[in-house]
Amino acid sequence: MPIPNLDLSRLRDQHRMMWRIRALEEAALRGLDEKIVLGAIHPSIGQEAVAVGVVGNLRRDDILLSTHRGHGHTLAKGANPDAMLCELFGRIGGNCGGKGGSMHIADFSVGMLGANGVVGANIVIAAGAAHAIKLKREDRVVCCIFGDGAINRGPFLEGLNWAQVFGLPVLFVCEDNGFAATTRTATMTAGGGPSVRARAMGLMAEEVDGNDILAVDSMARRLVAEIRAGGGPRFLHAHTYRLTGHTGADPATYRPAAEVAAARALEPIARTAAVLAEAGLSADDLAADRAAAEQEMLTAFLAARAAPFPDPAVAFTDVQDAGAPSLEHV
Amino acid sequence: MPIPNLDLSRLRDQHRMMWRIRALEEAALRGLDEKIVLGAIHPSIGQEAVAVGVVGNLRRDDILLSTHRGHGHTLAKGANPDAMLCELFGRIGGNCGGKGGSMHIADFSVGMLGANGVVGANIVIAAGAAHAIKLKREDRVVCCIFGDGAINRGPFLEGLNWAQVFGLPVLFVCEDNGFAATTRTATMTAGGGPSVRARAMGLMAEEVDGNDILAVDSMARRLVAEIRAGGGPRFLHAHTYRLTGHTGADPATYRPAAEVAAARALEPIARTAAVLAEAGLSADDLAADRAAAEQEMLTAFLAARAAPFPDPAVAFTDVQDAGAPSLEHV
Amino acid sequence: MAMMTYLDAARAALAEEMRRDPTVWAVGEDLGRGGVFSQYRGLVEEFGPERISDAPISEAAILGAAVGAAMMGTRPVVEMRFSDFALCAVDELVNQAAKARYMFGGQTRVPLVVREPMGMWRSSAAQHSQSLEAWYAHIPGLVVVCPSTPADNKALLKAAIRSDDPVVYLEHKHLWPLEGEVPDGDHVLPFGQAAIVTPGSDLTIVSWSAQVHVCADAVATLARQGVKAELIDLRTLWPWDKETVLASAARTGRLLIVHEAVQAGGFGAEIAATAAEHITARIRRLGAPRAPIGYAPPLEDAVRVQAPAIVAAALGLVNGRQLG
Amino acid sequence: MAMMTYLDAARAALAEEMRRDPTVWAVGEDLGRGGVFSQYRGLVEEFGPERISDAPISEAAILGAAVGAAMMGTRPVVEMRFSDFALCAVDELVNQAAKARYMFGGQTRVPLVVREPMGMWRSSAAQHSQSLEAWYAHIPGLVVVCPSTPADNKALLKAAIRSDDPVVYLEHKHLWPLEGEVPDGDHVLPFGQAAIVTPGSDLTIVSWSAQVHVCADAVATLARQGVKAELIDLRTLWPWDKETVLASAARTGRLLIVHEAVQAGGFGAEIAATAAEHITARIRRLGAPRAPIGYAPPLEDAVRVQAPAIVAAALGLVNGRQLG
Ligand SMILES: Cc1ncc(C[n+]2csc(CCOP(=O)(O)OP(=O)(O)O)c2C)c(N)n1
Ligand SMILES: Cc1ncc(C[n+]2csc(CCOP(=O)(O)OP(=O)(O)O)c2C)c(N)n1
Ligand SMILES: [Mg+2]
Ligand SMILES: [Mg+2]
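Residue numbers (my numbering), protein chains in the order written: chain A, 9 to 338; chain B, 9 to 338; chain C, 1241 to 1564; chain D, 1241 to 1564.
Do not take every clue at face value.
What the hints assert, rightly or not - Lysine to any residue pairs mimicking SDA-like chemistry, simulated, CA-CA at most 20 Å apart:
(1) B:Lys-142 - D:Arg-1291
(2) B:Lys-142 - D:Glu-1419
(3) B:Lys-142 - D:Asp-1261
(4) B:Lys-144 - B:Ala-237
(5) A:Lys-142 - C:Val-1284
(6) C:Lys-1482 - A:Asp-329
(7) A:Lys-144 - C:Arg-1349
(8) B:Lys-142 - D:His-1427
As the list claims (entries may be wrong) - These stretches of chain D come out as covered by chain C in the derived footprint (C-beta under 8 Å, 3 or more residues):
(9) 1363-1375
(10) 1415-1428
(11) 1496-1508
(12) 1519-1526
(13) 1530-1544
Quick caveat, the hints were computed from the structure, so don't treat them as lab data. Remember, it's a predicted structure, so these values are computed and weren't measured experimentally. We put the beta carbon where it would ideally sit given N, CA and C, even for glycine.
Make a model of the complete structure from these sequences and hints.
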């Protein structure tokens, strides 16, 4: 049965964006296979609806902070995939000039203030970004996405308390894929979980099926609007599943195949496609979205792979103004 | 109306112990006045019922961890006040040989594993002490007391989660005196407060009037019994009031006199005395408890004041086995 | 020129910078009541509780929030109360503040100042007395400032607030009441410029923070014995004024480095090593033994570097005695 | 003797100590699946999930709990995963673990081992590559171990587990797959005993951890050019083997210290300073420039100390060239 009041063009855009994220990460993984990427890649394959549904509700001048698993969030915020793949491959043209790589991907020009290699560290930074917005009397919103594992780190408590005490414009999103690296997060998390903890600190908190793009989108839209209206921080707990290993190198043998198969049946892109098909979109159109995304990312992949490496001297720039290193060392 | 089933001799002992704590701290403050104590003293005057009511329910081989405001807890655990005052005055005979002072008072012989100068740090240490007890299959209980300000530090979350995940024998006690130094803790704490946060992490939590010795005692007794029976961690939020400044040097001008006067009317020793009087104890007996405590602590004060300072060479012992400092520096 | 305490000089610096630049704000525990040492006294009355902001006991959030707020175009001054408590926020300082500009390829700056009152202060014991400036000097991205006088505490705090780099600003608790002349007007010192406190020709003594004053006593004693020591106050440890130190030590041929921090791995080692690599001079360090700081006064004093030890070390260098 | 990797040597050490002493246990994220580098592979099967315990992502609790558990008579081995994440638990290590014995006047010991895989490891960038051993060497109460070979990683991890002091145990991530001979049986090395990797008479090179192997390459190159370098592997930074280093450098008259960590404020400064104070020798250090570690291979390589630079520095010392 078709969904009433469906904004078909919005959903189609979301379908496209999810494919773009998936294709970007497949390109990153190909980079790993080809030993172009030597560091870690944390794919968000299967989690794309959280990125698209949440981040799609931010304005360009809103602010986003992400995690080690941040490619999808970054692309959804409007970053250029050419620059992102250059960054992942450590090349000139990368958003961070090759200095950051996957775990520190950032694009300040679209308000994406960085992935982070330290679990939970982005939570307090996000609170501070929102603090600055409040001090400057701007109507911007900060969105901070972190994993289910992060709720067991101290900065989760300190950052949420801070945001609530100061009434800051920040949306905290716990993107719960069930795992913290190889550990089932539930085995190491006491109590009622992310939203219960958030409510204990006074935040209004919601839970959502993070693989249901429509649900994520409408929930995030409401929460962002409430925050922008001056309602203070909000919390969103989105349930999803990590279809790959923790990193591109992790075979994830610690999970039964049946569990992964069941999760795969619920992955968000196919679900979105089903809704679109129900609403009348043709199989060709759906396939075209995928093909376009894959073509875009193939082109970006090839360009990034061909891009030159930064000059070694670049290693010594962007350190600091006073007491910066000199090249005498090289 | 006398309270039914009152254990008069237990209450009398508690009355005595509260006076001993108060007298000990008055002696410490006299040390400050006389410039015998040069560092900070954080008195718990007005909070004695928490120390006595909670710690009185621990066995000698149970474990206690405390805060910068830990004299009362330490004395209630059975530490010798002569040694405590020597420690506060930095003299030979101090529990820590003069190395620790007020903020690091400890008496391992009675299971008191230390005050702590870092707010909230004792919470994770306590979880670990309980972890060791569980690993060794002992039936001991750990009690960890901290202030209301500590619930805004990360280790609060990490330590409570840890204790609950591993099902550890630890009683967390938030001794809520309304202030974190000069700040009203409520102004910097979001949400429903200590026990709501504890429950969000799965712990069973109770609140109690921390100036009502009978209430604290019976609640702590029940919780310690549940823990010892293998029930896992418990949480107690005890409401009290700090009658003095944050330290002996703080005039606490940030509080209206009327507020302090109202709180003074509810202070625990007089309330306990009233219950004892109601139950038939004479004014003389009550006065004798106080006088005995003051005499004991005066004697201890004079002895500590007369005790010698440690030899400077003591500064270089107890550092470590491998790579300890040599005296060539002195 | 006005006589002012070290504490009031910093207070004046912060107030002046807050008047000059509306993006400057301060946050920390108890600031609304003037801060734990009264170093924020009166500021909330002038600037209000948003710009002189209280904080929960959340050091990680205080520093972490400052990183976010700095990246968003404000200039937070964060108060850590005792430098020892800054150890509750090391990830935020070292992994985040110090590296953000670099990791993100220069897309951002992190203009924050972390005030960390440091050092021994009457029986404060092991967790309230540390001097860890060497740690920060080792971390790329950080500027490290250790003012020793009221005038410097004003001029360097202003420089720190105007800096686009994250600055670890280490005031010495023992110096709060110290009085000194402070120039009127908007004096700002550049980082990396040492002060020659006393010129001399027989040996060079390098120090910083409270220990400069202990060295000054020793220098006076040495002068009475006919030994002319040149006393250099480093003022900032990163960047540090290598040129002034090396030129002086090369001239005197003798270099004594004195600091309150533990000698092993202290910043004195960096200075000594640099000197050993670049010039010919007899070199010696004086720092604390590698032991925690005790509470009882004799134990605390046992790990202090005091003037007689400095005099003895200086004489040892001048008389050409070699260490064992 | 058996050939074994650096990783397996540590695994064997832990397993043997856990068999020998029932109070030894390990705790950290993902240990039940072998740990992030497989360095705990198979151990949960032998010792069960209580003694090879998973942990939440709670570095402060992991370390803090270990302090409490150590004071209560167990011997926790805690896994920090990357030494960078140990920065989330600095209060617990520095203010608590390192000071408890002292602050409490010797009433307790804190026998814990903090394993912190350190150093650069294929494009891990600024937050997963640091070498901060100098920090720990500066902190009274801590022992600091930096093994460079499989044999040492076995013998020193055993020593660390048996030690009553808190030990910061820094394995280098790059060395995990390194193979080497490991003596059979219960070999335990004392702390503070350096290894002379190659004897030589022309200059002394001191290093530790992965950098020892880079130095060994340089020493081979130097040998081909007729320069006989003595290579010393410090193995433990605190205590460090001052006697061996100073005796060697006094004999050769030239001392080169090489480490992966940032040179400014690195532990090389302590060695250089100590040598400058005690002996007559030409001294030079080689460490990383004071910059965060970049992601792209050329940027990462730019801050590595590589064999040609070591050879050049050694030749500079031998030929008596003075730094500018
Ligand atoms: C403070 C810290 N501890 C440990 C790690 C290592 N680590 C990287 S990702 C990860 C799992 C994080 O789980 P979660 O927060 O659920 O995010 P997910 O990976 O599932 O997206 C861990 C433990 C880290 N990066 N930072
Ligand atoms: C991590 C840390 N931050 C700040 C301080 C300074 N400090 C000492 S006591 C205190 C207030 C603590 O309040 P609370 O936890 O309620 O305990 P109380 O003093 O009321 O007993 C503060 C902020 C500290 N010791 N440790
Ligand atoms: Mg997860
Ligand atoms: Mg309180």
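Restraint check for A:Lys-142 with C:Val-1284, where alpha carbons must lie at most 20 Å apart: 18 Å, holds
Agreement of B:Lys-142 and D:His-1427 with the hint, judged by alpha carbon distance not exceeding 20 Å: Status violated; Cα separation ~31 Å.
Straight-line alpha-carbon gap A:Lys-144 to C:Arg-1349, limit 20 Å: Status holds; Cα separation ~18 Å.
Satisfaction of hint between B:Ala-237 and B:Lys-144, Cα-Cα up to 20 Å: Holds - the C-alpha atoms of B:Ala-237 and B:Lys-144 are around 15 Å apart, at most 20 Å.
Pairwise hint evaluation, D:Arg-1291 against B:Lys-142, where the allowed Cα distance is 20 Å at most: 11 Å, holds
Annotated coverage of the segment 1363-1375 of chain D by chain C, confirmed only when three residues or more have a Cβ within 8 Å: holds (count 6)
Satisfaction of hint between D:Glu-1419 and B:Lys-142, Cα-Cα up to 20 Å: Between B:Lys-142 and D:Glu-1419 the Cα gap is close to 38 Å, so the pair fails against 20 Å, i.e. violated.
Coverage assertion for the segment 1519-1526 of chain D with respect to chain C, Cβ distance below 8 Å, three residues required: holds (count 3)
Distance restraint between B:Lys-142 and D:Asp-1261, which requires alpha-carbon spacing of 20 Å or less: 17 Å, holds
Given coverage of the segment 1530-1544 of chain D by chain C, tested with a Cβ cutoff of 8 Å and a minimum of 3 residues: Coverage by chain C holds here, the residue count being 4 at a Cβ distance below 8 Å.
Coverage of the segment 1415-1428 of chain D by chain C (three or more Cβ within 8 Å): violated (count 0)
Straight-line alpha-carbon gap C:Lys-1482 to A:Asp-329, limit 20 Å: 17 Å, holds
Comparing the model with each earlier hint shows violations of hints 2, 8 and 10; every other hint is respected.
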